[in-house]
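**Q** Chain by chain, the residues:
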Amino acid sequence: MATMQMRTTARAMMAPAVILLLVWMVVPLAATLYYSFQNYTLLNPVISFAGLDNYYYFITDPAFASAVLNTIYLVGGVLLITVIGGLFLALLIDQPIFGQGIVRILVISPFFVMPTVAALVWKNMLMNPIYGIFAWLFSLVGLPPVDFLAQIPLLSIILIVAWQWLPFATLILLTALQSLDGEQMEAAEMDGAGVVSRFIYLVLPHLSRAITVVILIETIFLLGVFAEILVTTNGGPGTASTNLPFLVYTQALLNFDVGSASAGGIIAVVVANIVAFFLMRIIGKNLEA
Amino acid sequence: MARSVSTSRRVTFTVIAWVIALILFFPILWTIITSFKSEGDAIAFPPVFLNFHWTLDSYREVQERSDYLLHVWNSAAISFGSTLIALLISIPAAWAMAFNPGKRTKDILMWMLSTKMMPAVAVLVPFYLAFKNLGLLDTKLGLIIILTMMNLPIIVWMLYSYFKEIPGEILEAARMDGATLGKEIVYVLAPMAVPGIASTVLLNIILSWNEAFWTLNLSASQAAPLSTFIASYSSPEGLFWAKLSAASTLAIAPILVMGWFSQKQLVRGLTFGAVK
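Keeping their order, the protein sequence lines are chains Z and D. With positions in the first sequence counted from 1, the corresponding number in the numbering used here is that position plus 4. With positions in the second sequence counted from 1, the corresponding number in the numbering used here is that position plus 556.
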């Protein structure tokens with residue numbers, strides 16, 4: 005009887021969180037889905053059924069193909085830099101070095117810089133072709149300055165976002181590295197295993213799960229990169245640095261096309277769900293343990 | 557750990573690590589240095605590193621011209637407000653899941669997590685329209701509601717993982733002694749869970765303080781937190797690097813310090829316990 009009562013109490017305690025999240029998830033998503041089938045712009049008060057037109061226009065818009073490609077380049081590029089760089093940095097910081105604590109703090113700091121600050125500092129003080137630090141460094145070695153955000157906009161944004169996420173990868177991999185069995189490593193060393201084979205056969209397998217987690221979590225966040233684009237290139241020049249979220253934002257808040265933006269939003273959900281599917285499986289497995 | 561390492565190897569690694577760490581930290585350091593320059597020195601070419609006239613003018617002007625403190629207050633109100641409300645909703649839920657798990661507890665936890673994976677841009681349109689109709693655009697209340705819901709899953713998860721480490725027998729003993737449920741949570745669970753609750757709060761304040769999708773889209777001036785305010789420096793007219801740096805330094809300093817203290821919790825909170 006006591007357990008029955010506890011069960012009821014437990015349900016009541018969970019209810020607010022569950023109901024709020026359910027409403028939060030279902031209502032707006034249903035609204036987006038509904039709008040995506042309507043002809044609806046904020047400039048024209050008449051709403052009419054559009055069928056799949058919004059999806060058709062959104063997908064056949066040349067900006068869509070380039071936005072999808074830009075999203076892939078952005079996510080892929082940042083992942084490449086942060087996972088390889090993070091692995092290297094984690095291994096380095098894990099060595100017995102002087103001032104390890106301070107090195108660690110310096111390395112993780114960029115993660116705590118708010119995206120708008122990070123993007124503006126890079127855009128102005130580092131990447132400005134006339135007064136920026138990079139222009140100065142280039143001039144020291146006799147190279148002409150590069151107008152980063154105009155000439156290589158997407159690559160520049162990849163660089164900025166990678167700077168923000170490198171600390172995350174490093175921190176996670178470092179944490180995983182520190183739980184590596186030291187005795188096993190010593191045994192392997194005594195048996196004559198070199199640095200490379202120890203890395204390939206002991207360290208990498210041990211880190212594989214942490215690496216997967218880094219890739220999946222970063223992907224979730226990187227699919228939604230927005231602020232960095234808004235304050236640096238505004239998606240341009242043209243649509244050279246417009247990713248999927250930014251395209252939806254352009255349709256909704258700049259072109260006032262609610263229907264088309266909603267169709268784009270639904271497409272973003274589909275993409276994110278594919279990634280989430282894999283992430284949930286990994287975390288779910290962990291929950292069993 | 558106990559392995560002896562040759563000094564030369566140790567020195568080599570130390571040098572490489574420090575050089576890389578300083579390069580990665582440089583943009584932050586450069587922002588702090590530039591905040592003490594005059595606008596003229598800020599765009600000097602070649603750049604001046606330390607030998608310039610140090611001044612606090614930029615800090616003064618940022619406050620005078622733009623009511624900087626209003627945005628600091630907005631950021632604080634939004635991040636603390638949303639974290640605290642989410643905490644009040646989450647503690648009972650995490651208690652129930654950790655100490656009275658049912659058959660579906662695991663599914664509920666996973667489902668909560670899955671709400672985090674919904675791309676914000678997918679629900680931008682309905683929220684924007686609803687906020688417009690309800691008069692919530694550019695209000696602190698609107699942003700607090702949004703961020704509360706954004707943080708709720710992470711807070712439930714983190715609290716759940718900390719509560720799980722507290723032996724349930726202690727709570728049972730209190731119950732046997734006649735403690736009511738409220739007393740059990742407030743006097744027995746809460747004191748033991750203080751470190752876990754504190755880490756949860758810390759991580760979520762960091763995440764809300766730096767949030768830059770909803771704040772940029774749903775606030776303009778009155779309710780603008782620091783992330784939106786600083787985005788206003790992206791306008792191409794004129795170069796105000798010293799002022800941008802002063803505003804940025806103030807905006808990131810408190811969170812940077814908080815972040816240094818929350819490295820461990822960060823790993824746990826952001827990987828949902830998958831890496832400890």
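Misleading hints may appear alongside valid ones.
One-sided excerpt, in silico: chain Z residues whose CB lies under 8 Å from chain D [what the hints assert, rightly or not]:
(1) Val125
(2) Val207
(3) His210
With a cut-off of at most 25 Å between alpha-carbon atoms, the simulated SDA-like pairs for lysine to any residue come out as follows [stated by the list, open to error]:
(4) D:Lys688 to Z:Arg213
(5) D:Lys672 to Z:Ser201
(6) D:Lys659 to Z:Tyr38
(7) D:Lys672 to Z:Val150
(8) D:Lys820 to Z:Arg213
(9) D:Lys672 to D:Gly658
(10) D:Lys672 to Z:Leu26
(11) Z:Lys289 to D:Ser717
(12) D:Lys820 to D:Ala746
These aren't lab readings, by the way, just hints derived from the structure by calculation. Even for Gly, the Cβ is constructed at its ideal location relative to N, Cα and C.
**Q** Would you mind marking each hint as holding or not holding in the structure?
**A** Now for the hints, and whether the structure bears them out:
1. Val125: For Val125 of chain Z, the interface hint holds, since the closest Cβ of chain D sits about 5 Å away, which is under 8 Å.
2. Val207: violated, 15 Å
3. His210: Violated. Min distance 12 Å.
4. D:Lys688 to Z:Arg213: At roughly 44 Å apart (the allowed maximum being 25 Å), Arg213 of chain Z and Lys688 of chain D break the hint.
5. D:Lys672 to Z:Ser201: violated, 39 Å
6. D:Lys659 to Z:Tyr38: Violated. Lys659 of chain D to Tyr38 of chain Z sits at ~34 Å, over the 25 Å cutoff.
7. D:Lys672 to Z:Val150: Violated - the C-alpha atoms of Val150 of chain Z and Lys672 of chain D are around 39 Å apart, more than 25 Å.
8. D:Lys820 to Z:Arg213: holds, 18 Å
9. D:Lys672 to D:Gly658: Measuring from Cα to Cα gives roughly 23 Å; hence the hint holds.
10. D:Lys672 to Z:Leu26: Answer holds: Lys672 of chain D to Leu26 of chain Z is near 12 Å, not above 25 Å.
11. Z:Lys289 to D:Ser717: holds, 15 Å
12. D:Lys820 to D:Ala746: holds, 21 Å
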